[in-house]
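Protein chains in written order, with this note's numbering: chain A, 1 to 114; chain B, 1001 to 1112.
In case anyone wonders, no lab produced these hints; they're calculated from the structure.
Note that the structure is a prediction, hence the values are computed from the model and not measured.
Where hints are given, some of them may not hold.
[Said to hold, decoys possible] Straight line, CA to CA, 20 Å or less: simulated SDA-like cross-link-like pairs of lysine to any residue:
(1) B:K1099 to A:D59
(2) A:K44 to B:P1079
(3) B:K1099 to A:Q100
(4) A:K44 to A:N28
(5) B:K1049 to A:E101
(6) A:K38 to B:Q1045
(7) B:K1049 to A:K38
(8) A:K44 to B:E1088
(9) B:K1049 to B:S1003
(10) B:K1049 to B:S1014
[Unchecked claim] Interface residues of chain A toward chain B, partial, derived using beta-carbon atoms under 7 Å:
(11) P18
(12) P69
(13) S72
(14) L83
(15) T102
For every residue, glycine included, the Cβ atom is placed at its ideal position computed from N, Cα and C.
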Amino acid sequence: DAMVIQNPRYQVTQFGKPVTLSCSQTLNHNVMYWYQQKSSQAPKLLFHYYDKDFNNEADTPDNFQSRRPNTSFCFLDIRSPGLGDAAMYLCATSRENLYQETQYFGPGTRLLVL
Amino acid sequence: AQSVTQLGSHVSVSEGALVLLRCNYSSSVPPYLFWYVQYPNQGLQLLLKYTTGATLVKGINGFEAEFKKSETSFHLTKPSAHMSDAAEYFCATNFGNEKLTFGTGTRLTIIP
């Protein structure tokens, strides 16, 4: 089945220690998104790629970076995680960058910062 | 600012009873509207969406929603709740751009 895969499902890191979360997709979609979701809150868009074009949200901290080496993979790098970065990180894809397109979500990676 | 509002952060219904989750939007242009469901420790899954055309939209798992322009609403319903429906439900819209704006979510609890 075509899907969005996130690894690992749970990640523990130390305060200030860089961490990378990964996302892969077999849907061959052009757009990939990263969301941050804190407990009992709605997902918050951090950035997205349309093909190789990177689009950062204005309020995304510089501490968060992303890479998309090819169509299938996208990475979220947190350079110096703080306690406030503990959250669920969701990757999503859509076929095109159009208003009515459905976004397909992965299962998420829950990040714990010690 | 354009937004979606979900009334009721927690809703409890008895198994077999009607499920009604409310979503209202504020927009000066016709929006595209979505309902997503999130099970514990999982990603979001699309239940249904309204883009154009028929205002009554049927989705997966027996859910449906009706777009009512006069009431600026897109409420989600299911005639008979099942225990497996217990989850968080998010209404979302993109108001004419590619970015989804989510409501604050409604946690649905099913009472046996």
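Hints versus structure:
Taken as a hint, the K1099 of chain B and D59 of chain A pair is honoured in the structure, with Cα atoms around 14 Å apart against an allowance of 20 Å. Our distance criterion of 20 Å between C-alpha atoms is broken by K44 of chain A and P1079 of chain B, whose separation comes to about 31 Å. Between K1099 of chain B and Q100 of chain A the CA atoms are separated by roughly 10 Å; this keeps the pair inside 20 Å, and the hint holds. Distance check on the hinted pair: K44 of chain A and N28 of chain A sit about 24 Å apart at the alpha-carbon level, beyond 20 Å; violated.
Taken as a hint, the K1049 of chain B and E101 of chain A pair is honoured in the structure, with Cα atoms around 9 Å apart against an allowance of 20 Å. Among the hinted pairs, K38 of chain A with Q1045 of chain B is consistent with the structure: their alpha-carbon atoms are about 18 Å apart, no more than 20 Å. Proposed proximity of K1049 of chain B and K38 of chain A is contradicted: the alpha carbons are some 25 Å apart, above 20 Å. This hinted pair checks out: K44 of chain A and E1088 of chain B have alpha carbons roughly 16 Å apart, not beyond 20 Å.
Distance restraint check for K1049 of chain B and S1003 of chain B: the Cα-Cα separation of roughly 16 Å lies within the 20 Å cut-off, and the hinted pair is therefore satisfied. With a CA separation close to 26 Å, the supplied pair K1049 of chain B and S1014 of chain B exceeds the 20 Å bound. Hint on P18 of chain A is violated. Least Cβ distance to chain B is approximately 24 Å, over the 7 Å limit. Interface hint status for P69 of chain A: violated, as the beta-carbon distance to the closest one in chain B is roughly 22 Å, over 7 Å.
Against a cut-off of 7 Å between C-beta atoms, the interface hint on S72 of chain A is violated, since the closest Cβ of chain B lies about 17 Å away. With a cut of 7 Å, the hint placing L83 of chain A at the interface with chain B is violated, because the nearest CB-to-CB distance is about 21 Å. Here the hint on T102 of chain A is kept, as its CB sits about 5 Å from the closest CB of chain B, short of 7 Å.
Checked against the numbered hints above, the structure violates hints 2, 4, 7, 10, 11, 12, 13 and 14; every other hint is satisfied.
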